[in-house]
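K.L.:
Sequence:
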Amino acid sequence: MNFSMSEIIVILLIALLVIKPEQLPDVALTLGRFAKTIRRMFAKVKDEMNGFMDAVEKPVENKREQQ
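Position one of the sequence shown corresponds to residue 1139 (the numbering used here), numbered consecutively onward.
Hints were generated in silico from the structure; no laboratory data involved. In this text the structure is predicted, and so the values were computed from the model without any measurement. Every residue, glycine too, gets a C-beta built ideally from N, C-alpha and C. Do not take every clue at face value.
[To be verified] No farther apart than 25 Å at their CA atoms in a straight line, the calculated lysine-lysine pairs in the DSS-like style are these:
#1 K1174 with K1158
#2 K1184 with K1196
#3 K1184 with K1174
#4 K1196 with K1182
[To be verified] Pair by pair, the computed Cβ-Cβ distance ranges are:
#5 K1196 with L1151: 49 to 59 Å
#6 F1141 with K1184: 15 to 25 Å
#7 P1163 with V1183: 28 to 38 Å
#8 M1143 with D1164: 20 to 30 Å
#9 M1179 with A1153: 19 to 29 Å
#10 P1197 with L1151: 53 to 63 Å
#11 G1189 with I1157: 38 to 48 Å
#12 V1148 with E1195: 40 to 50 Å
#13 V1194 with L1150: 40 to 50 Å
Using the sequences and the hints given, assemble the complete structure.
P.N.:
If you want it as structure tokens, here you go:
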């Protein structure tokens, strides 16, 4: 996800209207932790899917080699 500078400015302006300036550091920290958790979850799912695909592909490759 790439954000342009104008998109970031719009998001920050909306955040200033909705969230008190004193709360912004806490909100940013919470969002950062949330993003880190989401990235970890996706990485874990990706690793599990790769492991599953490897487990499926190996028997197929072995059968092809035997023929």
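K.L.:
Against each hint, give a clear statement of whether it holds in the structure.
P.N.:
Outcome of the hint check:
no.	hint	result
1	K1174 with K1158	holds (24 Å)
2	K1184 with K1196	holds (18 Å)
3	K1184 with K1174	holds (15 Å)
4	K1196 with K1182	holds (21 Å)
5	K1196 with L1151: 49 to 59 Å	holds (53 Å)
6	F1141 with K1184: 15 to 25 Å	holds (23 Å)
7	P1163 with V1183: 28 to 38 Å	holds (31 Å)
8	M1143 with D1164: 20 to 30 Å	holds (24 Å)
9	M1179 with A1153: 19 to 29 Å	holds (25 Å)
10	P1197 with L1151: 53 to 63 Å	holds (56 Å)
11	G1189 with I1157: 38 to 48 Å	holds (41 Å)
12	V1148 with E1195: 40 to 50 Å	holds (45 Å)
13	V1194 with L1150: 40 to 50 Å	holds (46 Å)
Of the hints listed earlier, there is not a single one the structure fails to meet.
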